[in-house]
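Student: Residue strings, one per chain:
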Amino acid sequence: MQTVAKLIDTSLCIGCKACEVACQEWNDQEFTLGTFGGTYQTMPQLEHNFWNLIKFNEFETDGQMSWLMMKYQCMHCQDAGCMKACPSPGAIVRLPNGTVDFNHDNCIGCGYCITGCPFDVPRLSPETKKVYKCTLCSDRTAVGLEPACIKTCPTNCLTFGTRTDLLRKAEDRAHELQADGLQHAGVYNPAGVGGTNVIYVLKDASAPESYGLPRDPTIPWTVSLWKGPVKVLGSMVFLGGILGTFFHYIRYGPKKEEEHADED
Amino acid sequence: MTTDLSRRGFLAGGGTAAVTTFGFNLEAATAVAKELKIARTTQTHSVCPYCAVGCSVVIHTLGDKARNVKPAVVHIEGDPESPINRGTLCSKGASLKEFVNSDLRLTRPKYRAPGAADWKEISWEEAFEKMARRMKETRDAGFEEKDSQGRTVNRLANLAMIGGCTDTNEVNYLLGKFRFGLGVLGYENQARL
Amino acid sequence: MTNGWTDVANADVILVMGGNPAENHPVGFRFVMEAKRKRKAKIVCVDPRFTRTAAVSDCYVPIRSGTDIAFLGGIINYSLSKGLYQAEYVRQHTNASFLLHKDFGFDAGHFSGWDEAKKSYDKTTWQYELDGSGFAKVDPTLEHPQSVFQQMRKHYSRYTPEKVAEICGCTAEDFLKAAAIVCSASPEDKSGTILYALGWTQHSFAVQLIHTAAMVQLLMGNIGMPGGGVNAQRGHANIQGATDMGTWNNLPGYLKIPRANMQSLDDYLKANTPKPLRPNSMNYWGNTPKFMTSLLKAYYGEQATKENGFGYQWIPKAGETENYGWGYMYDNMLAGKIEGLISFGMNPVANGPNTKKMLAALSKLKWLIVAENFETETSAFWNAKKLAEKYYPASGDPSQIQTEVFLLPASCFAEKDGAFVNSSRWLQWKDAALDPPGDAKRDQEIIAQLFTRIRTLYQKEGGKGADQLLNMQWNYATPLSPSLTEVAREVNGRDLTTGKQLSGFGELKDDGTTICGNWIYSGSWTEAGNNMARRGQDDPTGLGLYPNYSWSWPANRRILYNRASADANGKPWDETRAPLRWANGRWSGDVPDYKGDAQPDKLGSFIMLPEGVAKFFTADLVEGPFPEHYEPVESPVENALHSNVSANPSAKIFHAEMDKLGTSKDFPYVGITYRLTEHFHYWTKNMQASSELQSNFFVEIPDGLAKEKSIRNGDQVRVSTARGNVEGPALVTKRFRGLKVGGKTVYQVGLPIHWGFVGHIKGPLINNLTASVYDPNSGTPEYKGFLVNLEKI
Amino acid sequence: MKIDRFNVRERFVHWLVAISFVYAALSGLAMWSRHLFWIAGVLGGGETVRALHPWGGTIFALVLGVMFSRWASQMKLDAADREWLAKSGRYMVNDEKGMPESGKFNGGQKMLFWVEAAFALLLFLSGAILWFPEITPRVLRLGAVLVHPLAAIGSIGGIIVHIYMSLFAVPGSLKAMTEGYVSARWAKAHHPKWFRQRTKNENESAR
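Protein chains in written order, with my numbering: chain U, 1 to 264; chain R, 1 to 193; chain H, 1 to 793; chain W, 1 to 207.
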């Protein structure tokens, strides 16, 4: 099955938040009526019951305002930190179409995925003690429907398709923007996580931070160490300990009390 | 019209979770256990009631319209056949399900008596009787057949009507007949605001 | 909209002004983004605030609220002085060549004919010079000093870039940059559109503002062109349809309400049927007798006979100068002249100006009927003191309010069928998906019950004006809950002799043999069936007209004035964007706004106007034949063009005790109200989904002003006017800046509207602040640009 | 002859430490590797393990704290212990000639005590961070995901040796922790200094 992906063309985002609501509605989320956060952004960050957030960033450069708006959600990494960190088999799964999905029957709520994620996406629910994030509407994609956010997006900022097609489309669009004078326009598909199934076209790909995206996201080295060499080390220690003591016993046997007694 | 999406296909293999508990199938591509909530709904074409872009929506209701089913809205999303919105919706349109299902919806006529500090529920019958009576009293008191110069004007200035911008043309046409039947001139809608 | 949403994608230039479609019409805005993406269209956004629309624009110019006429006047001057206009279009399709009355002029803020005592104009000098046969004289060279063109040039020569900058508070460079982009649509093969909304209509000179926009578009040759037009983005699902169906001063189809001096149908038709002003003018409104007779026949059925003027006497008549508009309605209510109010899905307490006045006015009613989906501030007005004492401490205690209130649970959009008319004038039919909840009833049933019951009372007991009420035809198959399909068929009209549905208003007759409930909708439900429910996907012109999707008034025409998209010989100005083509003796493409088989040069191209051409100059409006910059009624500065006539001399200002106006001494800042994309009007405070996106009311404050006042983001502030106040947290932003106007810095304060005292989320009603100041033509209140004070609390 | 080695209280504390350690270790191992997740099944399922592991760890830390306060003073390394440690290679091959004599605890046991205590502290701190991933700072969690397993590996490794020594390598040791006493021969053989001290005390008290 071909890997599917979501393309987010930030040059077409108008911050209308349709994707936020479509996500909430489709996934039957409970709504949180908040307090004023001093900004147009719905909430400071993603929540266990809010998986799709438009980040708003205001800048003034040389008297020219710019107001960047960008949809933020699970990136469905090719090399997913959450999957790497997850101890529970079948809790985080990669569906045949490449989607990184959580199966809450298997989630134990350890929250390692939260630490493993370089994009700070998964969130633990205080009620269910399980972790939640965007599923790329796996129930919709399974029957050939596009995810809810993509369906609703009025301005074509969001598109859905195979990863191969969308990567090509993203490159084309970046070239188009460059030709229109945005010389730093580019595609955000970070190699550090093996590429993502959520691909951005940024008006200024030289500064992904201005959108709130990490520059070079990778699975944190401590997580990689933990899930790689440390595991090997642990296995060696445990097995070595058991085998070592066993063979020690075979070779040297128990300590004798007489030897010492003789000395008296 | 009913969707022909089958839930069989994507539920196949739903038993993997049990196997993985014992650790034998570590990278199981677990099937999506969540059922597509619009797999067996009835679809109705409608138009968003908010702004005047005029986005078409598809209302998904419970059941197949059989005699013993009371439909309830389970989902509303954009209608791809509309050249205007092509399936897309804004944040308000995307939440229309809540508009229909909201527990703040009014479901019974209410009446507030002069000087009362609270609503009380009232039957439609009583409400209609009372309202018709008030309208007649007001019209009898305020109807002008002739103006001060003796010209026929057949107008009613002490009763005003507003609204319509959220209702259909046909309802507005009926409101217009109601209005001119009473002789009302004071008739305004949201276009003035 | 002269054009339509889908057509915006055909534009090369998009001027967004007096509107914020990215936030308030996001789905409509998709065609803006499509034009930007596919055609490389340039978007110019002129707005006091740097909005989400500004964020995706190519050129953003901040201006002071209410200075739009100056800005557009500057563009007219720029276009004329640089020769950046479509000369052939202007000559052929507009009244630029018409000669004006020799005494017409403008001096120091007033046009000729001003009567200071009456505070109104004598419009004698606003007429054309007529020849012996009653036709206007023209000078096709446009050089005659009395020509509209030369008068226009003279009038706008005062609107220099420097003057524009001085009035608007922008820089001359920014203005010139915007003007250059707007005028880049002047070549024949370019078109530009203008998108506006309440940022224009909520001014005391609103209609003139739109007039100015139309002038710009005529100079650019953009009216009738795909990707052109003057496009109002309307705010409610069927606000267009509600207006089409008549307001206080209109019958359905924009037929004017009779006045008391029109005692017979003949009087009425004589007064309201225009005469052609040029020999080639088709003057379509000349058919008014057919429209009116068919409406009366629909209303009064058998009772409408030729002998009784088709029942004309039963249509109520207003006094010659009387006005029953919104502002007058509540002023009269406050004065105790109105006993009862029936509100179908409207919330005047929230959306009318000066909330305290609205509350006081409703308290004077004997009875109030509200049919709604949700409880509103209006239905709960008698409880305002309890629900929002902070703002209405002096409001009456419920025990003192003697108004009897009926709150009726009505059905929502999903629970009823019928048609909505969108901004593009498309009538879109919808089906009912379910029944109303609980005991709620469909609106047609509520209306039918009320109507039937009051008629029964008159039948039994008699009473004043009984024949007016009893002769109104209500012969529906199920009179207590008429089927809307039956009503829709009546609205379309039918031929009484054949019993067949009419195929369009061309078949209407003035002899009483046709009925038609709204002539502009004729063609919506023909013998072919319900055209409003059509779902055809074909688009033969490739211009996004979709002729077989739903049905557009008038006559399924998608682009109004489309005849002007071609030159005198019928050759399209732009071959790649031709809505109409003339070949083999007929026009094809869109439904022509012209006689279908008439030679291109036979008729004037604007068939609805007596001139036969579009008007730069019009005597139809109250405050002048050319738009002139006037300051808002409450303004921090004097008019830089004529300080003696600063505000619109014709603006309607009410003077009830509660109608106070402030001065810039006490209220030094400018307040503007607006919607946010997160919410819809006063409805979505009932929706948790929308409330989650922005739960709180806030006050948007320019960075500079916040510094001056030591206000930090999130601090509580109070905004007050002479009428009332609102309180909430501050949102301090650089997107909103202080503007240099006449040497001083003017700060504007942003006030989103969506809160009130009922619903999931609560907050102040923004109209606590606004004034009963209205545009004299449309009767729309001035919600943009009023004087406020700001304090930290 | 029986010589009392650990009183009831010490044995209680030790076994509480031991049980909580084993629970924490097993439940921790279940969440450490997918290959060991089956342990979670045995212990009541993943969610139970996730919920109780931190509590098991907390109990472990608490009772270890009690043990620590009781024994820390006895576990100070003196010069003889250091010499013992330097020559511990011989101890491993049961060639203990020339090694300094051990007191109640030999140098190895003391080291194990300190090392396990240090690991326990690390486990507790890093565990607390991982317990509440939704509120603890990410940078701390990134450190904790490394510290926690490393400390666990270390402490489990140490405990494997400890168990081996007590059950197999030094016969008779288990009784000290079950019934509280050891034989004189045992004491004399493995902890001669302590044996002399004890017998001297007894003689003195007998006198």
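Hints listed in this document are in silico derivations from the structure and should not be mistaken for laboratory results. Accuracy of the hints is not assured; some may be wrong.
[As the list claims (entries may be wrong)] Ranges of calculated distance between the beta carbons of each label pair, as one might list FRET restraints:
| # | chain 1 | residue 1 | chain 2 | residue 2 | range |
| --- | --- | --- | --- | --- | --- |
| 1 | H | Ala180 | R | Leu62 | 52 to 60 Å |
| 2 | R | Glu81 | U | Pro214 | 39 to 47 Å |
| 3 | R | Glu121 | H | Asp397 | 18 to 26 Å |
Backbone N, C-alpha and C define an ideal beta-carbon position, used for all residues, glycine too.
Student: Starting from the hint list further up, note which numbers the structure goes against and sort them upward.
Tutor: Every hint satisfied by this model.
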